[in-house]
Amino acid sequence: NAGVTQTPKFQVLKTGQSMTLQCAQDMNHEYMSWYRQDPGMGLRLIHYSVGAGITDQGEVPNGYNVSRSTTEDFPLRLLSAAPSQTSVYFCASSSQRLRLAGPPTDTQYFGPGTRLTVL
Amino acid sequence: DQQVKQNSPSLSVQEGRISILNCDYTNSMFDYFLWYKKYPAEGPTFLISISSIKDKNEDGRFTVFLNKSAKHLSLHIVPSQPGDSAVYFCAASPPIIGGSNYKLTFGKGTLLTVNP
Numbered sequence: 001n002a003g004v005t006q007t008p009k010f011q012v013l014k015t016g017q018s019m020t021l022q023c024a025q026d027m028n029h030e031y032m033s034w035y036r037q038d039p040g041m042g043l044r045l046i047h048y049s050v051g052a053g054i055t056d057q058g059e060v061p062n063g064y065n066v067s068r069s070t071t072e073d074f075p076l077r078l079l080s081a082a083p084s085q086t087s088v089y090f091c092a093s094s095s096q097r098l099r100l101a102g103p104p105t106d107t108q109y110f111g112p113g114t115r116l117t118v119l
Numbered sequence: 120d121q122q123v124k125q126n127s128p129s130l131s132v133q134e135g136r137i138s139i140l141n142c143d144y145t146n147s148m149f150d151y152f153l154w155y156k157k158y159p160a161e162g163p164t165f166l167i168s169i170s171s172i173k174d175k176n177e178d179g180r181f182t183v184f185l186n187k188s189a190k191h192l193s194l195h196i197v198p199s200q201p202g203d204s205a206v207y208f209c210a211a212s213p214p215i216i217g218g219s220n221y222k223l224t225f226g227k228g229t230l231l232t233v234n235p
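Chains as they are written, first to last, in my numbering: chain A, 1 to 119; chain B, 120 to 235.
Next up, chain A with everything else stripped away, as it sits in the complex:
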């Protein structure tokens, strides 16, 4: 059980280049999310998905696209990289838990991150 995996670990891009950050999970989780972390900032939600074929925007979605064709994979695409997208990107997944009987016992599992530099 690998949990949440992200590739690549590091990437350097030039302004205007495109790339896809890969994220996969093997826990059969319905929910997946992408966050970015910048120095002195907390994690900010970029996009999320509640299941295959369903995605929605988070707090900072501009410049990023996502799709969810399978339960396991949730790639993040940068169509035209900008220096402002230099950041560490974290993918996370979680499973559905009902809140009716109290707080969920499960929560988001995070991948190890991708450090992206845009020159």
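Keep in mind the hints are simulated off the structure, nothing from the lab.
Check before you lean on any hint, since a few could be wrong.
[What the hints assert, rightly or not] Simulated pairs of lysine to any residue, SDA-like, Cα-Cα distance not exceeding 25 Å:
(1) B:Lys124 <-> B:Asp174
(2) B:Lys187 <-> B:Glu161
(3) B:Lys222 <-> B:Ser147
(4) B:Lys222 <-> A:Pro75
(5) A:Lys14 <-> A:Ser95
(6) B:Lys187 <-> A:Leu79
(7) B:Lys156 <-> A:Thr5
(8) B:Lys222 <-> A:Met41
(9) B:Lys175 <-> B:Leu185
(10) B:Lys222 <-> A:Ile54
(11) A:Lys14 <-> A:Tyr109
(12) B:Lys156 <-> A:Val88
(13) A:Lys9 <-> B:Ser147
(14) B:Lys222 <-> A:Asp56
(15) A:Lys9 <-> B:Lys222
(16) B:Lys190 <-> B:Gln122
(17) B:Lys156 <-> A:Gly16
(18) B:Lys222 <-> A:Arg77
(19) B:Lys124 <-> A:Gly40
(20) B:Lys187 <-> B:Asn234
(21) B:Lys124 <-> A:Pro75
(22) B:Lys190 <-> A:Val88
(23) B:Lys156 <-> A:Met19
(24) B:Lys124 <-> A:Arg68
(25) B:Lys124 <-> A:Arg44
(26) B:Lys190 <-> A:Arg44
(27) A:Lys14 <-> A:Arg44
(28) B:Lys187 <-> A:Arg68
(29) B:Lys173 <-> A:Gly63
(30) B:Lys222 <-> A:Lys14
(31) B:Lys156 <-> A:Leu79
(32) B:Lys222 <-> A:Gly16
[Unchecked claim] So the derived label-pair ranges between C-beta atoms look like this:
(33) B:Pro198 <-> A:Pro75: 39 to 47 Å
(34) B:Asn234 <-> A:Met27: 34 to 42 Å
(35) B:Ser131 <-> A:Phe10: 44 to 52 Å
(36) A:Thr70 <-> B:Pro235: 27 to 35 Å
(37) B:Glu134 <-> A:Asn62: 42 to 50 Å
(38) A:Thr5 <-> B:Ile137: 34 to 42 Å
(39) B:Ile137 <-> A:Gly3: 40 to 48 Å
(40) A:Thr7 <-> B:Pro213: 29 to 37 Å
Don't be surprised by glycine CBs; every beta carbon is placed ideally from N, CA and C.
On the provided structure of chain A, position chain B as indicated by the hints.
Positioned in the frame of chain A, the structure of chain B alone reads:
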């Protein structure tokens, strides 16, 4: 507009003493709160959580207290150990009936250093 605030960027504590990390929130719609721990070059890992229907949750050395009227929560670590040295993030989730915590709002984090 920062909805989850951790006003102390760093905290230094002696081994064996108590560490208290604080977090304030402004959005009264949040009803579930979590603490994550993050080591360098790793993803955050879940530590402890609390629902708004409670004011305290304890798990071993870690206790989270919630004061809804003050919109304030704190994480207590007793006794602190050098391995606890990490960045601690406070996070909050809105009510999601039948759902999970996939839409979190994070604070900026507090770097805890526990000195031997």
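Exercise. Looking back at the hints listed earlier, which ones does the structure fail to meet?
Worked result: 2, 5, 6, 11, 13, 17, 20, 21, 22, 23, 24, 28, 29, 30, 31, 32, 35, 36 and 39
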